Amino acid sequence: MDSDDSDATDTSVRDCITVAVLPEDLAAACTDACRPERCDEATVRPHEEPGVDRGVPGSFVHFEVPERKAEIRALPPEPLALFLRYVPYEVVDRWAEWTNTAAATAQHGPLRRRSRIKAWRPTTAHEIYLFLGILICMGLHSESQVFRRGQAREGLMPKVYRQVNGWSAHIQETGESFYTPGTGLTVDEAMVRFTGRSTETTTVPNKPTPVGFKVWVLAQKGYCLRWLWHVHGQGPYGLVPQARQARGDIEAKKAALTPTQRVVTTLVALLPAAGYHVFLDHLFASVRLFRALRRQNIGATGTCRKDGGIDEILVDEKEEEGKGIPWGKVHCIPTKDGEVCHQELLPRTNLTQSKLTYLSEYGGRGLARTAYWLA
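Taking the numbering used here, the leading residue of the sequence shown gets 419, the next gets one more, and so forth.
Mixed in with the good hints there might be a few duds.
What the hints assert, rightly or not - Within a straight-line C-alpha distance of at most 35 Å, the following computed DSBU-like cross-link-like pairs (lysine-lysine) qualify: (1) 747 x 639; (2) 487 x 747; (3) 724 x 639; (4) 724 x 754; (5) 741 x 724; (6) 747 x 736; (7) 625 x 639; (8) 747 x 724; (9) 741 x 754; (10) 741 x 487.
These aren't lab readings, by the way, just hints derived from the structure by calculation.
Keep in mind the model is a prediction, meaning the values are calculated, not measured.
Make the full structure from the sequences, and use the hints.
Rendered as structure tokens:
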């Protein structure tokens, strides 16, 4: 949620569950390197001091990411066979077993003459397949419903995710067997609509789906490749652990990423080893993250806030709203090591460089958000 650009109503914030006590590592990370979002304290954005380690003009070292087209591998000959690869019988059979067990062991009070539990009959995998077919049909006719039952697994994952996590992992692995991702990727937060009762629902007013379960998604051309669950009040679930900082290790502290930024490095690490170019918004982007991605052979492009570690000259220009800067002027400042290039541009300026694709088109008044990339 963009706390600067989007004004959440008092009602939406009040309805959102906020956990004040954060996990130990999240609390440590949020002391000075990030700021929590208004609704969910476990979603944090970068908060870094303006940069001063600028290099000389022309010293930016381009990071080439060879263009690689996405590839769809051999698919089953029939659509039904493809569907069954994603939703295998053994998974659906477990759903039927869990459903029947839950119905048999549920605690019921005094039953009325027409209580619905009296009409209960054990379900089967075939019946669930019929239900899935109905949901697919409704989705094709813009009457989508959410089906969320799945396989339990060990760990501290909330129950609402445990029950669907097995199927979720299977979908991701099956997709990887059919699809080799190309170079360009994007990471963002997504919402799965749910308005029922659950402690895991999140409210993000500026999203098309403002209330539901939040998921961190890595996608390409609209196809979701990998994703992580978001646990309300605790942050992303399943992040790659970050090394603990030794006491007094200033360099390690400067390189530490926030839990929200580690979503990017974790999701990219789940892909086949290759060079990629990831596009981000200001929820993730900062100089620290871009340096970390470059060390993983990952190029990055993104918009950022004034507190994302950008050069202090550009911060001052942003504060002055571009006064005295010619229309269409692009101001570039590379970092001293030449690994990150900070850029600032006026509205309605289309920007391309090297083999980078079209970056953005800004509208409105005043300076656009500062953008920087590894090209």
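Original post:
So which hints don't hold here, by number, going up?
Top reply: 10
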